[in-house]
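> Read off the chains here:
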Amino acid sequence: MQPSGVITITTDFGHKGPFVGVMKGVILQRYRDAQVVDLTHEIPAQWPPEAGFWVRRSYRYFPPGTVHVAIVDPGVGTERDILIIEHDHHYFMAPDNGLLGRMLDHADGALIFRLDFSALERLNIPVPSNTFHGRDIFAPIAAELAAGTTTPVAIGIATDTWIPAWVDEPEVRPDAVSGSVMTVDGFGNLISNIDAHLLESLSQPVVQVAGRKIPLLTTYGNVKPGEYLALVNSFGVVEVALAESNAAEGLGVGRGAPISVVAKET
Amino acid sequence: MQPSGVITITTDFGHKGPFVGVMKGVILQRYRDAQVVDLTHEIPAQWPPEAGFWVRRSYRYFPPGTVHVAIVDPGVGTERDILIIEHDHHYFMAPDNGLLGRMLDHADGALIFRLDFSALERLNIPVPSNTFHGRDIFAPIAAELAAGTTTPVAIGIATDTWIPAWVDEPEVRPDAVSGSVMTVDGFGNLISNIDAHLLESLSQPVVQVAGRKIPLLTTYGNVKPGEYLALVNSFGVVEVALAESNAAEGLGVGRGAPISVVAKET
Amino acid sequence: MQPSGVITITTDFGHKGPFVGVMKGVILQRYRDAQVVDLTHEIPAQWPPEAGFWVRRSYRYFPPGTVHVAIVDPGVGTERDILIIEHDHHYFMAPDNGLLGRMLDHADGALIFRLDFSALERLNIPVPSNTFHGRDIFAPIAAELAAGTTTPVAIGIATDTWIPAWVDEPEVRPDAVSGSVMTVDGFGNLISNIDAHLLESLSQPVVQVAGRKIPLLTTYGNVKPGEYLALVNSFGVVEVALAESNAAEGLGVGRGAPISVVAKET
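Residue numbers (the working numbering), protein chains in the order written: chain A, 1 to 266; chain B, 1 to 266; chain C, 1 to 266.
I should point out that these hints are in silico values taken from the structure, not numbers from a laboratory. Please note that the accuracy of each hint is not assured.
Given that identical chains are not distinguished, each listed pair holds provided it fits within a single copy or across any two copies.
With a straight-line cut-off of 16 Å between C-alpha atoms, the simulated EDC-like cross-links for lysine to aspartate or glutamate are [unchecked claim]: (1) K16 / D185; (2) K213 / D175; (3) K224 / E244; (4) K224 / E79; (5) K213 / E227; (6) K264 / D175; (7) K16 / D38; (8) K16 / E42; (9) K264 / E200.
Using the sequences and the hints given, assemble the complete structure.
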């Protein structure tokens with residue numbers, strides 16, 4: 001695989017303090033011309049599933065050969081492993097804590113490795129701290145992968161197991177698909193884990209959330225300001241919005257709420 | 001016009017989720033060496049005037065040939081047009097919803113185009129989603145403009161009309177200029193749409209806002225901590241501050257509040 | 001010193017408005033291929049010590065020859081000086097208001113200059129505004145330093161004095177070290193100014209904060225979720241955390257709170 005020189009970073013670090021900045025510093029120490037892109041740093045603290053959801057849904061919008069680093073890591077400094085994956089012409093790095101579990105369930109042909117910590121010394125990476133592997137392990141390795149100066153196979157041990165995802169797959173029945181709200185965006189839109197292709201067998205689907213039935217339309221402008229609508233969003237999953245307002249506040253629900261799509265007659 | 005390879009992005013997307021990040025990914029897919037700069041992503045949701053205000057006041061601080069993309073787009077996926085503008089040695093792209101209305105009112109000689117959606121296919125841009133034109137239309141076109149591989153005239157249809165700005169121009173009388181608070185910055189300073197040159201005929205101008213008269217001075221350090229002051233700020237408009245504190249909280253007003261500058265004797 | 005072409009920016013500007021963005025614009029006007037990294041823009045408004053703390057603790061993670069710009073500047077537009085420093089193979093720029101005071105106390109061999117404002121004209125920098133020196137002075141000079149087109153000695157006047165740091169050094173006694181909480185990170189961890197090397201003479205050290213004694217361990221995973229722990233963090237200072245939760249909220253304390261490390265028997 002030809003690296004693109006692009007690295008994305010997804011974390012729950014927020015924007016207070018220099019934590020993401022010093023990761024970029026370490027990357028630039030090893031690869032001055034890296035293009036580093038923040039995917040988001042507002043993953044809820046210690047909640048890997050949302051990071052995995054966004055990485056899985058976003059990576060294809062980057063050049064082939066991009067390195068995607070995702071760090072939501074309550075187990076930092078303990079025995080947990082670090083996964084390095086080559087899949088669909090992209091590299092991925094994350095703690096083995098379920099973050100990438102759902103992507104791996106669907107990643108036929110992915111090459112999956114556990115970081116061999118003895119490789120750190122070969123790459124001249126100093127002994128890491130116990131509490132900031134983003135800076136001390138992920139950043140320098142991402143830089144080397146992005147620069148093409150190392151490869152997953154050179155620093156990892158092949159594996160075919162991983163910690164599973166924390167959120168269940170949607171349940172599919174003939175007349176309904178039941179899933180979860182995975183995240184709420186800055187507009188208050190509820191974004192679910194129900195993939196559009198799961199709806200194919202439903203006739204005249206309607207979305208149910210917070211005790212309401214909401215029509216499935218194509219874009220926000222299809223209803224008047226102040227009305228609810230559902231749609232298959234630009235990442236291919238079912239989303240609920242309140243036109244020109246905030247659905248999460250209006251409905252009083254958020255991350256983790258049950259959401260279903262049902263055939264109209266049920 | 002010689003492109004600089006620099007692209008700025010201004011949105012109301014906030015920092016939750018990968019929305020700005022995937023726009024950058026799409027840019028880098030087409031132009032690996034773009035320099036992409038975030039102007040701000042904290043425009044109030046669905047409020048184009050503030051985005052237009054900041055783009056108009058900020059663009060000149062970027063290299064000539066920069067592409068400025070601004071997306072506050074409640075009408076995404078409906079029939080609204082996309083404007084592509086060449087003005088004062090910079091490119092601008094925004095939905096035709098008033099966002100750039102005020103800049104265009106003052107942009108003598110600007111070349112203004114409506115995006116010809118049939119150009120997407122010629123640029124190998126996939127069929128866009130209904131809900132995320134930032135990623136699917138703005139980002140790839142900005143990349144092509146910044147790389148110099150297309151031009152506004154090649155992908156647009158010339159026009160001389162646009163949706164007007166949502167906020168009125170300040171009203172100018174011999175003894176007073178009346179405008180609006182356009183935005184509040186992170187320090188709580190109230191930033192108005194009253195341009196310094198409108199004050200030229202006023203003798204000993206004083207600022208009125210929230211029922212108070214506030215002296216017009218030159219910098220924050222001219223008063224003691226805890227005192228109000230007004231000044232012509234570094235973007236050329238009247239601003240009200242509370243030295244070493246938060247004027248918006250102190251005065252209990254914010255975006256949209258009326259603000260005037262009056263001759264002292266009135 | 002060979003510049004790296006990398007510039008870091010640390011401010012209290014927040015993310016509302018285009019303030020950081022236009023600084024980057026001005027940098028790119030002078031140096032198109034600069035790598036500009038945000039350290040953080042969420043320093044508490046008008047509180048230089050936190051900016052200085054993070055710059056001092058972070059700079060070594062960037063390539064040698066990086067320019068670190070830090071702006072928390074209540075005195076902008078008044079007579080305050082601007083310091084330009086060469087230290088440990090890095091450049092630093094900040095208002096002379098105590099921001100870099102603590103770093104300079106420990107910076108043996110640093111070359112310290114006050115900006116000679118007459119140098120602005122020589123560098124073709126326009127007359128600055130009174131209120132935004134980040135854009136009008138710091139950004140263009142940082143660009144020139146990073147590009148290697150000027151040097152501190154060419155634009156500054158050597159000095160060996162500076163405004164002192166606003167927060168006291170920790171007090172070291174044989175059986176206790178007493179310091180302050182300097183900042184709280186996005187997880188709610190309390191980060192102190194107590195450097196690990198100050199603890200060397202303490203036997204079985206225990207941390208005291210908010211009326212509690214907290215054990216000093218090595219990583220978050222050493223306790224169960226919901227338990228407090230202290231550790232020497234990845235920046236070399238004492239930190240207090242609440243495993244998988246928020247210590248600042250749990251303890252009801254924050255920035256400025258007293259914190260000590262004591263020998264166990266006291």
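> It remains to establish, for every hint, whether it holds in the given structure.
Verification of the supplied hints:
When the C-alpha separation of K16 and D185 is checked against a cutoff of 16 Å, the pair qualifies only between copies, where the shortest distance is 6 Å, while the shortest distance within a copy is 20 Å. Taking identical chains as interchangeable, the C-alpha atoms of K213 and D175 lie at most 16 Å apart only when both belong to the same chain, with a minimum of 15 Å there against 57 Å between chains. When the C-alpha separation of K224 and E244 is checked against a cutoff of 16 Å, the pair qualifies only within one copy, where the shortest distance is 9 Å, while the shortest distance between copies is 42 Å. For the homomeric pair K224 and E79, the shortest alpha-carbon distance between copies (15 Å) is at most 16 Å, but the shortest distance inside one copy (53 Å) is not.
Proximity of K213 and E227 under a CA criterion of 16 Å is satisfied intra-copy only: 12 Å inside one chain copy versus 42 Å between copies. Proximity of K264 and D175 under a CA criterion of 16 Å is satisfied intra-copy only: 9 Å inside one chain copy versus 65 Å between copies. In this homomeric assembly, K16 and D38 come within 16 Å of each other (Cα to Cα) both inside a single copy, at 15 Å, and across copies, at 11 Å. In the homo-oligomer, the alpha carbons of K16 and E42 lie at most 16 Å apart both inside one protomer (11 Å) and across protomers (5 Å), since each shortest distance falls under that limit.
Taking the shortest Cα distances, K264 and E200 sit within 16 Å of each other inside one copy (14 Å), while across copies they are farther apart (66 Å).
Of the hints listed earlier, there is not a single one the structure fails to meet.
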